[in-house]
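4 protein chains.
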Amino acid sequence: MPTFLGQNQYGKAENRVVKITRDGATHHIKDLNVSVSLSGDMDEVHYSGSNANVLPTDTTKNTVYAFAKEHGIESAEQFGIHLARHFVTSQEPIHRARIRIEEYAWERIETSGAGARAGADEAKHSFVRQGQETRLTQITYDGESWEVVSGLKDLVVMNSTDSEFWGYVKDKYTTLPEAYDRILATQVSARWRFNWTDDAREMPNWEESYEQTKKHLLQAFAETYSLSLQQTLFQMGSRIIDHRGEIDEVRFSLPNKHHFLVDLEPFGLKNDTADGAVYFAADRPYGLIEGTVLRDGCEARIPVDLSNL
Amino acid sequence: MPTFLGQNQYGKAENRVVKITRDGATHHIKDLNVSVSLSGDMDEVHYSGSNANVLPTDTTKNTVYAFAKEHGIESAEQFGIHLARHFVTSQEPIHRARIRIEEYAWERIETSGAGARAGADEAKHSFVRQGQETRLTQITYDGESWEVVSGLKDLVVMNSTDSEFWGYVKDKYTTLPEAYDRILATQVSARWRFNWTDDAREMPNWEESYEQTKKHLLQAFAETYSLSLQQTLFQMGSRIIDHRGEIDEVRFSLPNKHHFLVDLEPFGLKNDTADGAVYFAADRPYGLIEGTVLRDGCEARIPVDLSNL
Amino acid sequence: MPTFLGQNQYGKAENRVVKITRDGATHHIKDLNVSVSLSGDMDEVHYSGSNANVLPTDTTKNTVYAFAKEHGIESAEQFGIHLARHFVTSQEPIHRARIRIEEYAWERIETSGAGARAGADEAKHSFVRQGQETRLTQITYDGESWEVVSGLKDLVVMNSTDSEFWGYVKDKYTTLPEAYDRILATQVSARWRFNWTDDAREMPNWEESYEQTKKHLLQAFAETYSLSLQQTLFQMGSRIIDHRGEIDEVRFSLPNKHHFLVDLEPFGLKNDTADGAVYFAADRPYGLIEGTVLRDGCEARIPVDLSNL
Amino acid sequence: MPTFLGQNQYGKAENRVVKITRDGATHHIKDLNVSVSLSGDMDEVHYSGSNANVLPTDTTKNTVYAFAKEHGIESAEQFGIHLARHFVTSQEPIHRARIRIEEYAWERIETSGAGARAGADEAKHSFVRQGQETRLTQITYDGESWEVVSGLKDLVVMNSTDSEFWGYVKDKYTTLPEAYDRILATQVSARWRFNWTDDAREMPNWEESYEQTKKHLLQAFAETYSLSLQQTLFQMGSRIIDHRGEIDEVRFSLPNKHHFLVDLEPFGLKNDTADGAVYFAADRPYGLIEGTVLRDGCEARIPVDLSNL
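Here the protein sequences come in this chain order: R, X, A and P. Under our numbering, think of the first position of the first sequence as 10, with each following residue one higher. Under our numbering, think of the first position of the second sequence as 10, with each following residue one higher. Under our numbering, think of the first position of the third sequence as 10, with each following residue one higher. Under our numbering, think of the first position of the fourth sequence as 10, with each following residue one higher.
It does not matter which identical chain is used: a pair holds within one copy or between any two.
Calculated pairs, EDC-like style, for lysine to aspartate or glutamate (alpha carbon to alpha carbon, straight line, at most 20 Å):
1) Lys266 to Asp292
2) Lys224 to Glu116
3) Lys28 to Asp284
4) Lys162 to Asp314
5) Lys78 to Asp190
6) Lys162 to Glu116
7) Lys223 to Glu116
Calculated directly from the structure, the hints in this document are not laboratory data. If you're wondering where the values come from, they're calculated on a predicted model, not measured in any experiment.
The shape of chain R in the complex, shown without the other chains (with noise of 0.2 Å):
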């Protein structure tokens, strides 16, 4: 045979689980979307499609909702933690499980006080889903150790001062005038690689990590006196870092959302920063901007193209 077969994966995609966790009359909601890649001793299902070593992805399935109530989703991470440590223990083919879960966020809905009815407070277990970002975990297990990357999605974030673009390189394709008061505008996609690896140590606390995580990133988004969205990339990445422990690595792609200032001069109309200035917010093309931070001594191990959940 002139042809070999290389690194592949299968599983169950995008697996919607919903979880609601009842404390008398307050419920707690967890809202998960989980997809199960799994790999191992895979040659013959490609060679010849005999199916003896796989586990069917609608099994996968299965397992995933049969999980949430035997184990209950305590954390995206903890319940991924779960799932490939079940696959790769209890079937001998596969060797290596890869758990990738997106987390949409509820808030409660405030009452309106008089209460409609009587004794009851519907908020208990009535939500609005917040909608700003996706937060993302992926587990990966090999039998031996553990890899953890978290992160989060679509999360657009804006300063409207406070960014300067200049000193760059002009060829003779260079048209683009300078800016010392710009608006800088992303949309936030972010990985964060645990130092977490081995069963023998504790566990981060995968809850309160992502929420001081987030915190860092957006406060270092806002108190950067930014020069180049690079610079601001490097301050998120290296704010994380600083504060926790726990995270060794941080990649960030951040498409630079333009803003321009639209020219009002034909109208009459003067638009500069100083106040009331009015833009354009574009959308093709737009700056993209990649890259990783590392804790001092760590290697880089999540991959430069951040692919879809």
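Knowing the structure of chain R, use the given hints to seat chains X, A and P on it.
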């Protein structure tokens, strides 16, 4: 000629306007997507291609940006009123203008307290997009009277209990079991029509009206013990009209976002709603419940099919 | 009660139905997305939550699948007629049914000729999705007469010349230069209404009607030397009505997909349309041209805003 | 500083370029979406915000449009090679350029024959977008050698029979019944790597290579009697490598687009696959089968996760 021209309209759609107003170091942001649609004496451009009565769509775009500077953006509704009045009163062939606006909400980023730069508090001009619902408005003007229809889309809400569905018609194609404790979730698309139509009357406070209407909508959803999504729809509409004297009509389009209890019996697991229930969140198909609620004595004017802004 | 219920409708949306009919080894495929919407005597479910008149949306879904088996899918229109008649005639409280259908086209995969397996010609049951436009239909029935509105969306067309735009109104916000050779491109959304309304009359050949109507639409686009997109719109509508006696009304929603000549002068390059012109294909904003063309003596019935099927 | 910079890259993404070449009245169209990504000596811009080594992303955009005029667009691959070579050889701090291109195919509109205008045949410059798959290429250059990875996405294919799935592992979470006649459908995302790496060697004929590779992919899909989607994946990859000497590696990401036989027994209907079977086309979850096929003796270089072009 065996054919003739019926209703027609034209303009520039989806002008993305961002306006930053500075109050010292504190900035304010308005982030709109504005679509202009004009109609009037436009037979010739269709029949012969003569553009003699056509104000170019490019000009309508320019007007949007120039007006954002000249008149500011007090609210989406007020901005649309400025634009609609301009097109109808300044161009004789234009008899009617319809302005549709989407508005995206931003909130300030909380600072780290420590203050990254001496004396600065970046949160004054740093924002994160809320990402929850999209606010909508549509302004129509024919030179005499106004119609203002505001609303929202993509507001996802869920009651994790206090919803039942039983006692329905059963025909030969009915297999659905009755439900006495189910999840009720929907992605609200709503439009409400104001009774302000006349320049001589004082306008409503558009910003306050939106905040209060959204609040009542959410509370009615949360506080209704639901026997059907139709009942919840009517309660949401009634609650708005009861509390907001400026609104005479509300229309909803409510996809019933089904959450099915997963059958875990094959795995020896009970999955009832008493506690820790696991649901499959389905995409398609979905129930779609649509309806209008009116103030007594008022006539419906919002179209049956809520079209895309 | 100070509020009352207006127009309302409900049903199951987006039922994805695929039917495979076998003619020996040769298979035929129908791939539909069917949405059901019913209305009638439904006050009580809104006012009190009583479902006594409510056929569940789940039942409407089951009916779609059962009818695909029982009646087959001769065409999207014929299938919708079967469904609409059933709901109105079998359920007393249901007075009106509207069925909307999207249809996706597939073509056969060409074989390698050599024949991979002895005696087999896999192309007989192997398909690739065409991916061009999406075909649409909407059937409405009130127990007495029919309204059939078919159409298409997402058909992207371009004339790379034979389009001009000049002689338009110029006001203080006009900066657009006149154009004597421009690209005209649009993403056609069209709906056409049939004059078949009565069971006693013979139905049109729905499949042939669609193929011919699309052909005339494309040819009119290609063969119109255009002075405005409005002119092209009218020509497309007229061409259809002239050639298709079964159609009385056509409505279009035509985004003007702008292709701007790039200014290459800063780089010492001429970029005129004579040959080798380079364009920037813009996303937003876009012109939006909408209009109805009618057969003489007919009244318009297609709504102004083409909503999502 | 306790952190340092890892891999980074930047450029302008999604430059939408349309080029019209005229051959008398016959026009030809190239419609591309070009993304530029550069890396090299870029530490300072991240650490201090100095842009001294940064060619602005706006300049990379200008270069794309200027090159479309100066060099033409013979093929997406050839165009990417021009661009990548330019950035690496003209800017000392830039050590590596990666150009990603999406290409959209258009076909000519057939004329009415009668000829709407005397002597004119509009089809010579009138086009309709094919809308099937999106063609992709990625060119990477480091100043010494080339890597060209082309491919496609969103090619939806279906075999309505000749697919089975049985003999798989059964664990306690397995409920799937074995299938001996099922629909096999997928939305192909594929990437193939060329063995052309050296300027001294003659380049492949990129246009012919694409057409032939797509043809072999489709035929292998159609002509494989499938016992698993993995088997089909391997056959598609092998067929390409067997027939196309210029390609050494193919990677696929194949969502298993499930079509479930609807259970119509509650309605007294048999729904087996013998004829007229009715399927529910499901959205999520879906199986996801990914794998690489290599020419003997070659090493894999396409990343495991096919990212978004």
